[in-house]
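**Student:** Sequence:
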Amino acid sequence: MSSVLCQLEEIPDGDSRGFSVDGRDIFVVRQGGAVLGYVNVCPHLFTPLEMMPDDFIDDSGQFIICATHGALFKIADGECIAGPCQGESLTKVPLAIEDGAVKLAS
Numbered sequence: 001m002s003s004v005l006c007q008l009e010e011i012p013d014g015d016s017r018g019f020s021v022d023g024r025d026i027f028v029v030r031q032g033g034a035v036l037g038y039v040n041v042c043p044h045l046f047t048p049l050e051m052m053p054d055d056f057i058d059d060s061g062q063f064i065i066c067a068t069h070g071a072l073f074k075i076a077d078g079e080c081i082a083g084p085c086q087g088e089s090l091t092k093v094p095l096a097i098e099d100g101a102v103k104l105a106s
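Residue numbers (my numbering): 1 to 106.
To be clear, the hints were calculated from the coordinates, so they are not data collected in a lab.
All values derive from a computational prediction rather than experimental measurement.
A hint or two may mislead.
[Unchecked claim] Straight-line C-alpha distance at most 27 Å; calculated DSS-like pairs for lysine-lysine:
1) K74 <-> K103
2) K103 <-> K92
3) K74 <-> K92
Please construct the entire structure, taking both the sequences and the accompanying hints into account.
**Tutor:** Below you can see the structure in the form of structure tokens.
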């Protein structure tokens, strides 16, 4: 059984939202009708990525950013392309959209 995080329409296109599920902090990025999920931990210092709630995307709207040290991660796969953790990646969280709801996939 999968857990419903929110309705897709609750995350604006190109934006992100954080969640705490079973003691684990994750975040979801919406790209049109698709969503990508990652564990909310920078692979460099193992700190949360955002300083403000739900603020995971850089000003250009093209990358996930670590607010602690400015590392940039590709939205599509979580790979760090700039910063001290370059070449490392965020940990993916499998998601699904069912009947307009964003859910954790099994």
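**Student:** Hint by hint, note whether the structure agrees.
**Tutor:** Hint check:
For the hint pairing K74 with K103, the CA-to-CA distance comes to about 22 Å; that is within 27 Å, so the pair holds. For the hint pairing K103 with K92, the CA-to-CA distance comes to about 14 Å; that is within 27 Å, so the pair holds. Note on K74 and K92: the hinted pairing holds, with a Cα-Cα distance of about 12 Å set against a maximum of 27 Å.
Checked against the numbered hints given earlier, the structure satisfies every one of them.
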